[in-house]
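Please put together the full structure from these sequences, using the hints given.
Protein sequence lines, in the order shown, are assigned to chains D and A. Numbering of the first sequence is given in the UniProt record's numbering, commencing with residue 1 and proceeding in unit increments. Numbering of the second sequence is given in the UniProt record's numbering, commencing with residue 1 and proceeding in unit increments.
Hint data in this document are derived by calculation from the structure and do not stem from the laboratory. There could be a bad hint or two in this list.
No copy is singled out in the list; a pair is fine if it fits within one copy or between any two copies.
[Said to hold, decoys possible] Straight line, CA to CA, 20 Å or less: simulated DMTMM-like cross-link-like pairs of lysine to aspartate or glutamate: (1) K153 <-> E403; (2) K13 <-> E319; (3) K87 <-> E70; (4) K129 <-> E403; (5) K189 <-> E396; (6) K189 <-> D398; (7) K372 <-> E319.
2 protein chains.
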Amino acid sequence: MRESYLTHLECSKCARTYDPDQPHQLCSCGAPLLARYDLAKAAAVLKKDDLLQRVPSLWRYRELLPVRSETNIVSLGEGMTPVVPLKKIGAENGLKQLYLKDEGIIPSGTFKARGAAVGVSRARELGIKVLAMPTNGNAGGAWATYAARAGLKACIVMPTDAPMITRNECAVTGAEFYLVNGLISDAGKIIGRAVSRYGWFDASTLKEPYRIEGKKTMGLEIAEQFGWSLPDVIIYPTGGGVGIIGIHKAVKELQAMGWIGEKMPRLVAVQASGCAPIVKAWQERKGDSQFWQNAHTVAFGINVPKALGDFLVLKAIYETGGCAVAVDDAEILAAQRRLAAVEGAFVCPEGAATYAAALKLKEQGWLHGDEKVLLLNTGTGLKYPDTVQVSVPVLEPDDDLPEA
Amino acid sequence: MRESYLTHLECSKCARTYDPDQPHQLCSCGAPLLARYDLAKAAAVLKKDDLLQRVPSLWRYRELLPVRSETNIVSLGEGMTPVVPLKKIGAENGLKQLYLKDEGIIPSGTFKARGAAVGVSRARELGIKVLAMPTNGNAGGAWATYAARAGLKACIVMPTDAPMITRNECAVTGAEFYLVNGLISDAGKIIGRAVSRYGWFDASTLKEPYRIEGKKTMGLEIAEQFGWSLPDVIIYPTGGGVGIIGIHKAVKELQAMGWIGEKMPRLVAVQASGCAPIVKAWQERKGDSQFWQNAHTVAFGINVPKALGDFLVLKAIYETGGCAVAVDDAEILAAQRRLAAVEGAFVCPEGAATYAAALKLKEQGWLHGDEKVLLLNTGTGLKYPDTVQVSVPVLEPDDDLPEA
Chain D
1 MRESYLTHLE
11 CSKCARTYDP
21 DQPHQLCSCG
31 APLLARYDLA
41 KAAAVLKKDD
51 LLQRVPSLWR
61 YRELLPVRSE
71 TNIVSLGEGM
81 TPVVPLKKIG
91 AENGLKQLYL
101 KDEGIIPSGT
111 FKARGAAVGV
121 SRARELGIKV
131 LAMPTNGNAG
141 GAWATYAARA
151 GLKACIVMPT
161 DAPMITRNEC
171 AVTGAEFYLV
181 NGLISDAGKI
191 IGRAVSRYGW
201 FDASTLKEPY
211 RIEGKKTMGL
221 EIAEQFGWSL
231 PDVIIYPTGG
241 GVGIIGIHKA
251 VKELQAMGWI
261 GEKMPRLVAV
271 QASGCAPIVK
281 AWQERKGDSQ
291 FWQNAHTVAF
301 GINVPKALGD
311 FLVLKAIYET
321 GGCAVAVDDA
331 EILAAQRRLA
341 AVEGAFVCPE
351 GAATYAAALK
361 LKEQGWLHGD
371 EKVLLLNTGT
381 GLKYPDTVQV
391 SVPVLEPDDD
401 LPEA
Chain A
1 MRESYLTHLE
11 CSKCARTYDP
21 DQPHQLCSCG
31 APLLARYDLA
41 KAAAVLKKDD
51 LLQRVPSLWR
61 YRELLPVRSE
71 TNIVSLGEGM
81 TPVVPLKKIG
91 AENGLKQLYL
101 KDEGIIPSGT
111 FKARGAAVGV
121 SRARELGIKV
131 LAMPTNGNAG
141 GAWATYAARA
151 GLKACIVMPT
161 DAPMITRNEC
171 AVTGAEFYLV
181 NGLISDAGKI
191 IGRAVSRYGW
201 FDASTLKEPY
211 RIEGKKTMGL
221 EIAEQFGWSL
231 PDVIIYPTGG
241 GVGIIGIHKA
251 VKELQAMGWI
261 GEKMPRLVAV
271 QASGCAPIVK
281 AWQERKGDSQ
291 FWQNAHTVAF
301 GINVPKALGD
311 FLVLKAIYET
321 GGCAVAVDDA
331 EILAAQRRLA
341 AVEGAFVCPE
351 GAATYAAALK
361 LKEQGWLHGD
371 EKVLLLNTGT
381 GLKYPDTVQV
391 SVPVLEPDDD
401 LPEA
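Here you go:
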């Protein structure tokens, strides 16, 4: 009999607490709410070896997730994405222990499936009927997918520039679906007005407390997959920042349970030079970021000019001795090609940015050659065909091939 | 210490045997070779519970795979794809126990990754340098990907009509890559001439013995995921047929090991009405199929006018009391939309064909409502954006949403 050890919601800024079994959005102070658990009880009941008997999905960490009843779980088998060694490309760059966690191998093809699986499951459990959200594409695709499975209505608004295939996902799953001539921040304002007017539930990044619980499972899996000893450095592409906040939360929860040691992995936030508010704030040693004007990058998922959780991302970086680094679009696209050609890893531009950042940090001496470094690829390159140039000869059936 | 219990290669028609540690293509009689193992020894050494300690990839079945040395394994974490219950859509159609095994959740987004992972690993082990193959797209993408990781050269020829995104995969991984104005059979002839001329290794469907060993792992996983008791019926989209032949082979190997009972799942081959040579042969109770003229279907992966392994597919159907069934493109596209909208499963057209076939077989009374029925989705819908109609309103930032 597995149960959730969720106890309450707590404001990430003012520490005010809330009843977790009622729907909540932000704290009255305007900051995100975080789910808290009875970790001592969880540690007393759950043993690491118990996990071996469970299916390889994020639901293996059931006790550390917010869903009360098994019957509310909305799952397509998401989680336990592979950790792939990058030996060849690591050796090329003097990084002896370079790894990639590949979140392309998940329903809907991106890590957004995690937040959607847990967020939609909990929304169903709390009796919510309509979920509304702005998106840079992938989150919308994932939430539309899981909402369909749950029988909930989803209303999605995404920028016209978002990756084309995410439109197909929203359309095929039957979501209420709109484009906006603008950025995700414009989409967010449209959703905000509709939420006030119609009483929908706002599933925007960090405006409800459970998406991050799904993302947290990346951190839990990394710990389990590395034998309950974390890598020295985790490099993460950062837009809204929920992934890095979630991994940080996971590490702290596992430490509280006594499942891992006190040493923190240094968390690195990667942004694109065309949209780098977190990097600027970190360089200026500030606690939060400012709206980035004229944001633009090929790595569309991290084209977020101002994140609601910026202060939590920065906290995760400062607390772990991490850093924030910006890479150009040209570096991102070169990294994408190189990872595919050398390692067979066809990653999305956001994921490629982590490799470009690793190169830069190694050059700067911030990364050492013998450290264990994990790159987080947030999605499959298959969803971004436009980033790959294809020029291919067309043969007639009687033509012959040249020698390879 | 895990090892392969591979003993020899055996012709699927004339039973002639070959040394497995030399590169081989077809038998001298022209039929495919199959890998054989010392299953008694494997059963004596390996226990079902040993698997629980292993990572959730197809390499957990190491003893039943042909690769001798761990160092030759080329892996991106493929395998142990989820089995997802389809309760809602099952109930709609009077099928109480309907499941989907989702091969979209795998590197390169299709089941072709399995054959490529095992085939490329073994090719590397046998010292092969250049792999050449015709493809309807997805196999080419997968083999190009794994060849890049292995450091082997891949030469791929695909029809101009193959799904666009598979071109990106071949291009980004740096394969020698060509299109042909024709069908996969035309691509096969071009490859055949180049193989003779340049001495490349021919990795065409069933022309080497190890791709099928990768596909076989679908059957091993199904057995493990259903608690070592197979579903009553497995419905599979059939082009080259390696998937269904592989599952049949897996079931027989597990029976020989005593890991499952004697009852066979009925294997169903699904084809498109526009290209249904196996269905025609089965209707006429023949042992092999004839070349299908003017083949055409939206489910491009099963647009195979004549499969080299047709007689093995038909044998699998006859031996298990299965059947072969054809569905129209319109039924396939409707099934794709319905699976996405009701279950959140965005499958490829080939995968959707299995659901269309299940509806037909239920109507005909061939499927019973209380049987355990498994649909095999061979790939993610994300790779086929053209199959989904998108018509979406574009808002300006000041616009408001209507009520959902």
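Quick rundown of the hints versus the structure:
1. Taking identical chains as interchangeable, the C-alpha atoms of K153 and E403 lie at most 20 Å apart only when they sit on different chains, with a minimum of 11 Å there against 55 Å within one chain.
2. For a Cα distance limit of 20 Å, the shortest separation of K13 from E319 inside one copy, 16 Å, qualifies, whereas the shortest one across copies, 66 Å, does not.
3. For the identical chains of this complex, K87 and E70 are inter-copy neighbours only, at 15 Å across copies versus 40 Å inside a copy, given an alpha-carbon limit of 20 Å.
4. With identical chains, the CA atoms of K129 and E403 are at most 20 Å apart between copies only, with a shortest distance of 13 Å across copies and 61 Å within one.
5. When the C-alpha separation of K189 and E396 is checked against a cutoff of 20 Å, the pair qualifies only between copies, where the shortest distance is 11 Å, while the shortest distance within a copy is 53 Å.
6. Taking CA atoms no more than 20 Å apart as the test, K189 paired with D398 passes between copies only; the shortest distance there is 9 Å, against 58 Å inside one copy.
7. Taking the shortest alpha-carbon separations for K372 and E319, only the intra-copy value of 19 Å comes in at or below 20 Å, while the best inter-copy value is 52 Å.
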